[in-house]
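Residue numbers (the numbering used here), protein chains in the order written: chain W, 39 to 331; chain F, 39 to 331; chain D, 61 to 296; chain C, 61 to 296.
These are computed hints drawn from the structure, not numbers from a lab.
Cβ atoms here follow ideal geometry from the backbone N, Cα and C, with glycine treated the same way.
Don't take each hint at face value.
Chain W stretches covered by chain F per the calculated footprint, using a threshold of three residues with CB under 8 Å from any CB of chain F [what the hints assert, rightly or not]:
hint	region
1	55–66
2	69–76
3	220–226
In case you want the letters, here they are:
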Amino acid sequence: MDWGKVKFFLGEVLRNFTRNAGMQATAIGTVAITIILLGAFLFVRATLAGLGSDILNQIEISVYFTNDATTAQEDALRSTLAHDPRVATVQFVPRKEGLAELRARTNGVIDTSLLTENPLPDKMRVRVHDPASVPNVAAKIRKMKGIGNVVYPQTVVERLLQLGGVLRRIGLVVIAVFLLVAGIIISNTIRLTVFARRREISIMQLVGATHMYIRAPFICEGLLDGLAGSLIAVAVLAGARYMLWPKLLLALPWVQLNASVVNGPVLVGQLLLVGGFIGVIASWISVGRHLRT
Amino acid sequence: MDWGKVKFFLGEVLRNFTRNAGMQATAIGTVAITIILLGAFLFVRATLAGLGSDILNQIEISVYFTNDATTAQEDALRSTLAHDPRVATVQFVPRKEGLAELRARTNGVIDTSLLTENPLPDKMRVRVHDPASVPNVAAKIRKMKGIGNVVYPQTVVERLLQLGGVLRRIGLVVIAVFLLVAGIIISNTIRLTVFARRREISIMQLVGATHMYIRAPFICEGLLDGLAGSLIAVAVLAGARYMLWPKLLLALPWVQLNASVVNGPVLVGQLLLVGGFIGVIASWISVGRHLRT
Amino acid sequence: MISIRSVSLIYPNGVRALDNVSLEIGKGDFVFLVGHSGTGKSSLLRLLYKETVPTSGEITVDGIRVDRLKRGRIPALRRHLGVVFQDFKLLAEKTVWENVAFAMQVTGAHSKEIMREVPRALDLVGLSHKSRMFPGELSGGEQQRTAIARALVNHPKLLLCDEPTGNLDPSNTTEIMELLLRINLKGTTVVVATHNQAVVDRMRRRVVRLEDGKIVTDEERGYYYLGLGQGQVLSG
Amino acid sequence: MISIRSVSLIYPNGVRALDNVSLEIGKGDFVFLVGHSGTGKSSLLRLLYKETVPTSGEITVDGIRVDRLKRGRIPALRRHLGVVFQDFKLLAEKTVWENVAFAMQVTGAHSKEIMREVPRALDLVGLSHKSRMFPGELSGGEQQRTAIARALVNHPKLLLCDEPTGNLDPSNTTEIMELLLRINLKGTTVVVATHNQAVVDRMRRRVVRLEDGKIVTDEERGYYYLGLGQGQVLSG
Ligand SMILES: Nc1ncnc2c1ncn2[C@@H]1O[C@H](COP(=O)(O)OP(=O)(O)OP(=O)(O)O)[C@@H](O)[C@H]1O
Ligand SMILES: Nc1ncnc2c1ncn2[C@@H]1O[C@H](COP(=O)(O)OP(=O)(O)OP(=O)(O)O)[C@@H](O)[C@H]1O
Ligand SMILES: [Mg+2]
Ligand SMILES: [Mg+2]
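Hey, can you work out the whole structure from these sequences and the hints?
Listed below in structure tokens is the structure:
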């Protein structure tokens with residue numbers, strides 16, 4: 039092993055990097071900004087997805103028993119649901135409580151003193167893990183004995199599921215577009231930095247340098263540009279996250295914003311990877327362009 | 039007027055443009071992509087804002103009369119509301135209909151045959167133009183005679199208004215950030231194209247060209263880069279708009295997506311302006327950097 | 061025309077290129093600047109069109125205090141000089157014609173004038189047939205002649221030539237030197253930094269000799285080597 | 061060493077730079093390439109290290125059919141040649157030392173060897189004291205000598221010099237030509253394209269004369285001008 043060579047190569051990369059400081063700064067800045075956009079978008083998307091599933095998770099199925107339902111039938115339903123892996127929670131609401139609830143819900147508009155008899159049946163509230171299984175669970179309950187009406191906000195569930203699906207698809211497309219955009223912008227930037235040094239490349243060739251030999255420092259440079267840009271981006275995103283998050287929580291206290299939906303280290307890793315990868319690919323291709331002599 | 043000079047200047051700009059075709063293509067591509075992002079964001083924002091106000095506009099105030107309210111009192115409310123400019127529509131719901139509605143709403147769970155008497159009062163449904171005025175209108179109604187309960191989804195209104203405010207502020211910040219980002223990316227790109235020709239600039243200076251003389255073609259080039267990029271972006275955005283919009287309407291038929299919230303020509307103008315302006319400024323500054331000899 | 065008074069030049073890297081140089085060149089003079097490689101000839105010329113500024117001393121060119129000249133006035137100075145740069149400094153993205161025309165355009169010359177003068181200048185250096193080519197498509201000597209044409213085209217009052225014949229064959233060299241002489245006879249001051257012994261010895265003009273950044277001799281009708289004609293050195 | 065058989069070269073812009081040229085240069089030869097500006101000297105050299113490819117004809121260098129050489133094999137060819145380019149072609153972002161070292165690094169030389177050979181080459185051209193400077197901080201002649209040092213450092217079997225003394229003063233020129241002679245005596249084949257009449261006439265080596273892309277004469281002990289020593293032309 040010729041350590042002199044290694045030392046030289048690293049020195050070479052570092053020298054190129056510092057001697058073209060202005061150009062490198064421009065490239066790194068562009069990478070950083072692009073990655074910030076990408077990261078911010080991924081973050082917002084994850085947060086919104088978390089928010090959406092929170093809303094959906096609050097959807098419940100109301101199961102009304104017939105007036106002649108037996109306790110055995112009610113217990114049967116309860117145990118069936120307890121064994122159903124899709125079901126999260128089950129809550130029994132006796133008819134009396136139901137009336138109180140109705141009254142409270144209509145804000146005292148219904149004058150219960152006018153009622154000679156309770157018009158409500160017993161009721162069971164069922165929540166499921168995955169909102170998508172609401173219709174199936176409801177259908178299963180309907181088939182059991184002693185069950186009168188099984189109600190859930192059908193259109194709401196359908197629409198939210200539909201909306202979720204559309205948004206998920208749009209989200210994927212936008213991520214793909216964003217990655218593409220980030221890729222194009224970063225690679226354009228690095229291509230221009232290589233272009234600015236096309237004369238150097240052609241001289242190196244004339245002196246007898248192989249394509250690999252010429253490429254190596256440029257590729258390391260691309261990698262450094264990409265990583266440095268991504269690191270800056272990650273720092274800015276992290277800063278924004280810790281500065282703005284509390285403000286957002288304060289502004290919208292009732293929204294169940296869940297920061298943990300975003301896996302920080304993984305996202306950081308992904309962003310660094312994207313930056314470095316694009317840097318390498320871009321310089322590889324751009325140098326190649328100028329090697330065709 | 040020396041037309042030869044004008045012809046020469048235009049020829050100069052065109053020649054520079056075509057002789058550095060690869061570099062120009064890179065710059066234009068970057069501008070286009072940045073402007074597409076910006077345009078897409080502005081478009082989505084406008085659409086979401088439209089959607090949000092649609093939802094808010096559907097909020098209604100339920101006014102329940104006392105059981106002993108007179109027809110005169112009911113008419114008084116009606117005429118008061120008719121003269122209130124904030125109010126959009128007023129609908130009277132007699133207690134009988136109210137019961138039918140309640141029954142329908144609870145999906146027949148309430149066994150109305152068990153009711154000896156209708157527990158519901160007469161009701162009036164009020165919609166306003168600006169959701170923000172809901173609380174004030176409600177308070178005004180409460181002060182009138184013969185009114186029992188005035189109900190509106192208070193928390194929903196409050197939260198939506200709050201959310202709208204926060205989103206509007208976030209939107210403004212994001213627009214500012216986006217403009218900045220677009221500006222930085224475009225100007226970085228153009229700066230690099232100028233950097234690639236720093237030797238040319240210094241030679242021009244040595245031959246005795248004034249700063250303005252050197253700048254002029256570069257600035258025109260920046261303008262062309264900016265405008266060409268923006269034009270491509272506008273074309274892509276328009277294409278996407280007419281391709282994707284019907285699909286979205288089909289996927290979410292119940293969402294009141296309103297395309298007209300986006301003023302096409304104005305947006306196109308703004309995007310072209312942004313592109314061209316940044317191109318000019320960026321090349322102005324970048325050339326200046328290399329003129330300091 | 062040119063008055064240099066106790067000028068010293070120390071480059072940012074610490075190299076002392078000129079050391080207390082004083083030189084007077086009159087209107088219409090023809091002066092050779094000779095000296096070893098790296099002795100400060102190009103640096104001296106560079107001071108005259110303010111590519112570099114002196115560390116100390118005064119420089120006057122055509123009545124203008126160049127060392128004190130404000131940045132905004134530099135283009136005007138340069139437009140009245142013709143400079144043949146040692147490394148040509150041609151614009152790679154312009155053709156030969158455009159490169160020469162450029163020097164006129166910056167002066168705000170009328171396009172008719174440009175159409176007349178550019179072909180004439182190219183003809184003088186024998187490059188009319190290459191006017192549509194780019195510098196990258198020219199031989200070394202052709203590039204050098206393009207640079208000469210560009211310096212001439214404006215009929216400057218002062219012509220600075222830095223090694224203008226380094227890439228030219230002897231017959232071309234003779235033509236170019238005769239061209240410079242003719243221009244000089246019309247009243248243009250000409251300063252030529254050169255290593256071409258044959259040219260200097262044949263023309264017997266004023267020779268300013270630099271050594272290590274100092275002017276060591278200044279002869280009215282000098283040779284390339286101090287007091288010696290070419291033949292003598294060759295036989296020695 | 062070099063065998064050129066009926067080679068023609070027409071550039072993309074239509075210029076016929078070489079017209080059915082045939083030339084044999086043996087191992088250890090020392091050859092001057094002379095001719096007017098734009099006559100095809102640089103083009104001929106460029107063919108030998110495959111910067112340009114001939115339109116027709118065969119070129120063999122050191123047993124390698126250069127005209128047929130695959131692109132991937134070109135670096136290996138160039139590493140065994142030393143080339144002094146007419147426009148130097150120095151890497152602006154590397155110091156003098158790094159520029160010279162670069163030519164060794166691309167051959168995969170051990171760093172110890174590099175540390176030994178680079179200073180030696182710089183010393184030969186008299187540039188040891190400028191090794192840490194960048195090309196932009198050098199005088200024209202210093203740049204040229206850097207280019208010469210880079211071409212020498214690998215001890216190439218074939219040395220191609222395109223106008224290697226255009227920016228050097230006579231004493232420097234003599235030194236460099238003596239250096240080339242010494243290298244030649246050690247067995248290196250040397251081809252020098254030059255306009256320097258004094259050098260050619262003094263050294264009396266093989267002179268290949270080009271005119272309009274054709275070889276017109278090829279003399280064993282020639283002068284710069286056909287059959288004439290320098291003095292004769294000067295007096296003529
Ligand atoms: N831009 C610069 N920065 C630093 N040092 C420089 C610069 N230009 C020239 N030098 C140094 O100044 C000295 C004089 O250089 P100059 O170019 O004036 O020499 P010259 O007489 O023109 O030589 P040549 O005949 O080789 O062209 C040299 O030692 C050179 O290395
Ligand atoms: N890359 C190129 N593209 C097109 N034409 C070229 C190119 N290089 C050289 N030429 C033309 O080919 C001819 C020969 O050029 P070449 O450089 O070989 O001349 P040369 O003998 O080296 O001249 P000089 O002594 O001036 O350097 C010239 O007419 C030149 O204009
Ligand atoms: Mg010089
Ligand atoms: Mg040549």
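Contradicted hints - numbers only: Per hint list: zero violations.
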